[in-house]
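First to last, the sequence lines map onto chains A and B. Residues in the first sequence are numbered consecutively from 1, following our numbering. Residues in the second sequence are numbered consecutively from 1, following our numbering.
Treat the hints as calculated values from the structure; they're not laboratory data. From a predicted model like this one, the values you see are computed outputs, not experimental measurements. Beta carbons are placed, not taken as given, at the ideal position from N, Cα and C, and that holds for glycine. Do not take every clue at face value.
Below, a sample of chain A positions facing chain B; criterion: calculated Cβ distance under 7 Å [to be verified]:
#, residue
1, Phe8
2, Glu191
3, Pro193
4, Leu196
5, Tyr197
6, Lys226
7, Ala230
Here chain A is said to cover these stretches of chain B; the calculated rule only asks that three of the stretch's residues, wherever they fall, bring their Cβ under 8 Å from a Cβ of chain A [to be verified]:
#, region
8, 57-65
9, 76-86
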Amino acid sequence: MKFSIYRFNPDVDKKPYMQDYDVVLEDGDQMLLDALLRIKDLDDSLSLRKSCREGVCGSDSMNINGKNGLACVTKLSDLDEPVVLRPMPGLPVIRDLVVDMTQFFEHYNSVKPYLINHDAPPETERLQSPEDRAKLDGLYECILCGACTTSCPSFWWNPETFVGPAGLMQAYRFMADSRDQAMDERLENLEAPDRLYRCHNIMNCVDVCPKKLNPSLAIAKIKDLKFEQAREHKCNAKKHIEIKVL
Amino acid sequence: MVIELLTKRYPGMRAWLMQRLTALIMAFYSVMLLGRILVLQPATYEEFLGFFQPAWFRIASWLFWICLSIHAWLGIRDVFKDYVPNMYVRSLLLKILVLLLWVYMAWASWLFLM
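Looking at chain A on its own, in the form it has when it is part of the complex (with noise of 0.2 Å):
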């Protein structure tokens, strides 16, 4: 099978290049990552990152034939030849298919991806009903391997600024959760303009999500609940008022 695989290592390379691969697979090959690994086998310069090999860790995404996905999930039989793989695109190349993701995961820090309750912690565990449990479904499952947001144009514009798909569907996936008592805090942290708002619904993230979510309904949801904290404050400043009056 045939592949094309961008080459870069900074210590040695003044640009990136791509290399042809012509690699003969055998019984059991299935996986893209399969294939990688042979061709890591007849190269071991090769750099590439993996781990679970089956689409739980997120570690192995990178563009396949101009979209993003995983390699451990996608099907060496729905591939074109010669198969092109990139490292993902919109972050610095460390080296090959690697990028670094610092700048992703500092935006997934920014939204605050964990519990805030102010309550003391019960004796067992913070418990939730069913129906409240449900509302985290297609929010809870993202492995964060970076496709949906290295995948969006406004990235792409704006990454200093916009927090990107995968932070933003986690910033909702807390707001989302009944046990978050900081949902105020949350939504006040995306209101700068370019946080939230340069998403143009473009959807790519929703095409290329390996999990099948949809980050870009999340941010809807988002808005969403923009509109309801902004009745909230009405009807607090309307008590306040027929408090002062009394």
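Start from chain A and add chain B according to the hints.
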């Protein structure tokens, strides 16, 4: 509630919402304009003058122009933010845009209100 979201308290939502509200008003005006053209069918210059004669229609057209200016400002500002990374060039382009929109606004005001 919508008014609350248009305040400085919500700088991101304000621009996002304003773009959609102005689009709605422009869509409403466009349908009305098309309907009026189909009903009155102005063909000559004099008929067009008469077409824009009613005060309510001139005010509606002027409001449409205000919405168009706001919508254009927000939309083109976004395009500049996305495609013009150089801050100085972007700032210059935004100033030219503001100037152009104000000139068009003054022209539209003169056409519709004078």
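Against the structure, the hints come out as follows:
The restraint placing Phe8(A) at the interface with chain B is violated, with a minimum CB-CB distance near 23 Å, outside the 7 Å limit. Residue-level restraint check for Glu191(A) holds (minimum Cβ-Cβ distance to chain B is 5 Å; threshold 7 Å). Residue-level restraint check for Pro193(A) holds (minimum Cβ-Cβ distance to chain B is 5 Å; threshold 7 Å). The beta carbon of Leu196(A) comes within 6 Å of a beta carbon in chain B, closer than 7 Å, and the hint placing it at the interface holds.
For Tyr197(A), the interface hint holds, the least distance from its beta-carbon to any beta-carbon of chain B being 4 Å, beneath 7 Å. Interface hint at Lys226(A): satisfied, since its Cβ lies 5 Å from the closest Cβ of chain B, which is below the 7 Å cut-off. Hint status for Ala230(A): holds, given a least beta-carbon distance of 4 Å to chain B, under 7 Å. With a cut-off of 8 Å between beta carbons, the region 57-65 of chain B has 0 residues touching chain A; three or more are needed, and the interface restraint is violated.
Remark: the region 76-86 of chain B is confirmed as covered by chain A, as 4 of its residues place a Cβ nearer than 8 Å to a Cβ of that chain, reaching the required three.
Going through the hint list in order, the structure does not satisfy hints 1, 8.
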